[in-house]
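Asks: First to last, the sequence lines map onto chains A and B.
My numbering numbers the first residue of the first sequence as 1 and each following residue consecutively.
My numbering numbers the first residue of the second sequence as 308 and each following residue consecutively.
The hints are simulated quantities; they were obtained by calculation from the structure and are not laboratory data.
Honestly, I wouldn't trust all of these hints.
Which chain A residues stay away from chain B? Per the calculated CB distances, all over 12 angstroms, these [as the list claims (entries may be wrong)]: (1) T33; (2) R35; (3) V37; (4) S53; (5) N87; (6) G115; (7) K201; (8) W217; (9) K257; (10) F277; (11) E279; (12) D281; (13) Q302.
Covered stretches of chain A (in silico footprint by chain B; criterion: 3 or more residues with CB under 8 angstroms from a CB of chain B, positions within the stretch not fixed) [said to hold, decoys possible]: (14) 142-150; (15) 156-168; (16) 189-195.
All of these numbers come straight from a predicted model, not from anything done at the bench.
The beta carbon of each residue, even a glycine, is placed where N, CA and C say it ideally should be.
One-letter residues, chain by chain:
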Amino acid sequence: MGGSKLSTETERGTQGFAPLQKGMILVNHNYFTQRDVERLEQQAVQIREDIISMIHAAKAGHPGGSLSAVEMVTALYFHVMNIDPQNPRWEDRDRFILSKGHSCPVMYAALARRGYFDPSVLTTLRQYHSILQGHPDMNKTPGVDMTAGSLGNGLSVGVGMALSAKLHHKDYMTYVMLGDGEIQEGMVWEAAMAANHHDLKNLVAIVDCNGVQINGWVNDIMTVEPLADKWRSFGWNVVEVNGHNMKDVLTALHTAKTMRHPTAILMRTVKGKGVSFMEDDCAWHGAPPDDEQMVKAIAEIQEGGVV
Amino acid sequence: MGKTLATRMAFGQELIEIAKTNDKFVVCNADTKTCGLEKFGKLFPEREFSFGIAEQNLVGASAGLAACGNKVFLATFAVFASMRACEQVRTFVCYPNLNVTIIGTHAGLQVGGDGATHAAIEDVAIMRSFPNMTVVQPADAVAARALAHAAVDFTGPLYVRLHRNPVADLYDPETYRFEWGKANTVVDYGRDMTMIVSGILLKKALDAANILKEQGIGVRVLDMATIKPLDKEAVITAAKETGAIMTIEDHTIFGGLGSAVSEVVVQNCPVPMEFVGIQDRFGESGDPELIYQDHGMDVDSIVAKAKALAARKRH
Numbered sequence: 001m002g003g004s005k006l007s008t009e010t011e012r013g014t015q016g017f018a019p020l021q022k023g024m025i026l027v028n029h030n031y032f033t034q035r036d037v038e039r040l041e042q043q044a045v046q047i048r049e050d051i052i053s054m055i056h057a058a059k060a061g062h063p064g065g066s067l068s069a070v071e072m073v074t075a076l077y078f079h080v081m082n083i084d085p086q087n088p089r090w091e092d093r094d095r096f097i098l099s100k101g102h103s104c105p106v107m108y109a110a111l112a113r114r115g116y117f118d119p120s121v122l123t124t125l126r127q128y129h130s131i132l133q134g135h136p137d138m139n140k141t142p143g144v145d146m147t148a149g150s151l152g153n154g155l156s157v158g159v160g161m162a163l164s165a166k167l168h169h170k171d172y173m174t175y176v177m178l179g180d181g182e183i184q185e186g187m188v189w190e191a192a193m194a195a196n197h198h199d200l201k202n203l204v205a206i207v208d209c210n211g212v213q214i215n216g217w218v219n220d221i222m223t224v225e226p227l228a229d230k231w232r233s234f235g236w237n238v239v240e241v242n243g244h245n246m247k248d249v250l251t252a253l254h255t256a257k258t259m260r261h262p263t264a265i266l267m268r269t270v271k272g273k274g275v276s277f278m279e280d281d282c283a284w285h286g287a288p289p290d291d292e293q294m295v296k297a298i299a300e301i302q303e304g305g306v307v
Numbered sequence: 308m309g310k311t312l313a314t315r316m317a318f319g320q321e322l323i324e325i326a327k328t329n330d331k332f333v334v335c336n337a338d339t340k341t342c343g344l345e346k347f348g349k350l351f352p353e354r355e356f357s358f359g360i361a362e363q364n365l366v367g368a369s370a371g372l373a374a375c376g377n378k379v380f381l382a383t384f385a386v387f388a389s390m391r392a393c394e395q396v397r398t399f400v401c402y403p404n405l406n407v408t409i410i411g412t413h414a415g416l417q418v419g420g421d422g423a424t425h426a427a428i429e430d431v432a433i434m435r436s437f438p439n440m441t442v443v444q445p446a447d448a449v450a451a452r453a454l455a456h457a458a459v460d461f462t463g464p465l466y467v468r469l470h471r472n473p474v475a476d477l478y479d480p481e482t483y484r485f486e487w488g489k490a491n492t493v494v495d496y497g498r499d500m501t502m503i504v505s506g507i508l509l510k511k512a513l514d515a516a517n518i519l520k521e522q523g524i525g526v527r528v529l530d531m532a533t534i535k536p537l538d539k540e541a542v543i544t545a546a547k548e549t550g551a552i553m554t555i556e557d558h559t560i561f562g563g564l565g566s567a568v569s570e571v572v573v574q575n576c577p578v579p580m581e582f583v584g585i586q587d588r589f590g591e592s593g594d595p596e597l598i599y600q601d602h603g604m605d606v607d608s609i610v611a612k613a614k615a616l617a618a619r620k621r622h
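Looking at chain A on its own, in the form it has when it is part of the complex (with noise of 0.2 angstroms):
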């Protein structure tokens, strides 16, 4: 545990993140055991392999987006959410959006991996007639609940996916991960104001503040912040994590799931993690390692193994 650089996070801090909010919630009833978290730690390494050697075999992709939401992703997957990969469609099932769409290399891992398809087809990211297109499709891809993509707007759906939940008396939960730079999109305060509106306690909006977007970092291209206070100003329960600390990720996903409002999960995050080379680098937003740096990145990943 413990292995971001500590220079980084000070410099993240004064690149624009709020400090801790006070009077932050957790809470924790034995929802996960020790034995758990190891058993994620471990899975998440396997994840980071995965995103770099799918994004290296298909000589595109963004890494630095997928790997900061490696452990969020991994305690969805395989411990959070409610879901079946054998009927990827049951209609109970926990629903999770991946509003940050280019990330997809890390989703697709954890569903190889959980087994909604063989592993050995994440290496055709990318490639014509794969399962495993550039961005989220929901029809080609087992698993995926939504296509995503273009920018802003997973939330609006993840509310209707939210109603739908109420409609028709359900209780799965809806998950959807944005990234702090598509924030700046409109569209998630509209979706942000009628999630409170319609009362969706059953939303969970996850946002991976890794604070670097494509042409640098977020807050000197437009900033987001103060992020806590405008989801708490549009009626959400906030909850602030160490996005790379599994034990307070899975204690956020829980203390989500006993809130009376929609809860937003500000997840800080080092865009890249678990590779040095990559870590808050805007360069690696959507560039391929080739082989030298996907070996340099496999070896980094194994030898640090837990982050």
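Position chain B relative to chain A; hints supplied.
Replies: Quick look at chain B alone, frame taken from chain A:
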């Protein structure tokens, strides 16, 4: 006959009637006065979702509802459905092929007083360019009611284009049957040309055809309620049998019905064509009839253009 009602109100009212005995669909509203569905929530509170003045979210949330297996009708002005929420319709309804019916009201120049900002003159061109999308437009209230029933049973992305102001009933509710993708031959006065019409301008086309008949020009009039997928067979037959085609639509002449018909004609049976529609200009406030006149879409203009087309055909 002799009754008048706007196609938007006929469609909306019929949907409310259907909802009394059919709970298999939900309605999503933006905060506009579209087609009478604003009161759906009062009648069926569980089955209506309101999203305020936020059309992108309206379409996105509708897609989410549809992705969970619900049949969704969403209603807003055609300008907003086709442009404000254009990408949501394309990428989150059409691309995943979801079961959402988009009701676009206040189509074309008939909007009148509200002017150019609210008159959708490009929506058909936009909507029909999306894969998986079906595009329909009823000619009167009778057709609109029939279409409401068909839309409830329809599966997939559907765009229903409706007009704001009352129009006279042309069809007899006892005999009218709506059929997806089928042109309806309304009158067949001869083999001089075919007028292919979609929407409320059918009345003007029929008036023009009657005048032309008296002047010795025999016109076939097809009501092309389904603009996409187009009834290619009817178009090809019309081209072969009548040798000239005029399209008539309350929409820009670029990309709408006229373009759809000409795409079929040039590939299969090239014949002289004439396009009646909005002349690459925005609408403006005023009496719709005066605006139609200004764009050559009134009965007299249609008659004059038909004569010119008949003359071209003879040469």
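Asks: None of the hints should be skipped; say for each whether it holds.
Replies: These are the hints, each one checked on the structure:
1. T33: Its Cβ never comes within 12 angstroms of chain B, the nearest being 32 angstroms, so this holds.
2. R35: Answer for R35/A: holds, closest chain B Cβ roughly 34 angstroms.
3. V37: Per Cβ check, V37/A is outside 12 angstroms of chain B; nearest 32 angstroms; holds.
4. S53: holds, 28 angstroms
5. N87: Holds, because the least Cβ-Cβ distance between N87/A and chain B comes to about 14 angstroms, which exceeds 12 angstroms.
6. G115: holds, 22 angstroms
7. K201: For K201/A, whose nearest Cβ neighbour in chain B is about 16 angstroms away, the distance exceeds 12 angstroms, so it holds.
8. W217: Fine: 27 angstroms to the nearest Cβ keeps W217/A off the interface.
9. K257: It holds; K257/A is separated from chain B by about 19 angstroms at its closest Cβ, greater than 12 angstroms.
10. F277: At roughly 34 angstroms from the nearest Cβ of chain B, F277/A sits farther out than 12 angstroms, so the non-interface label holds.
11. E279: Non-interface label on E279/A holds, nearest chain B Cβ at 31 angstroms vs cutoff 12 angstroms.
12. D281: Consistent with the label, D281/A stays out of reach of chain B, its closest Cβ about 29 angstroms off (over 12 angstroms).
13. Q302: holds, 37 angstroms
14. 142-150: Contact hint for the stretch 142-150 of chain A vs chain B: holds, 5 residues under 8 angstroms.
15. 156-168: As far as the stretch 156-168 of chain A goes, the hint holds, because 12 residues have Cβ atoms under 8 angstroms from chain B.
16. 189-195: holds (count 4)
When held up to the earlier numbered hints, the structure conflicts with none and fits them all.
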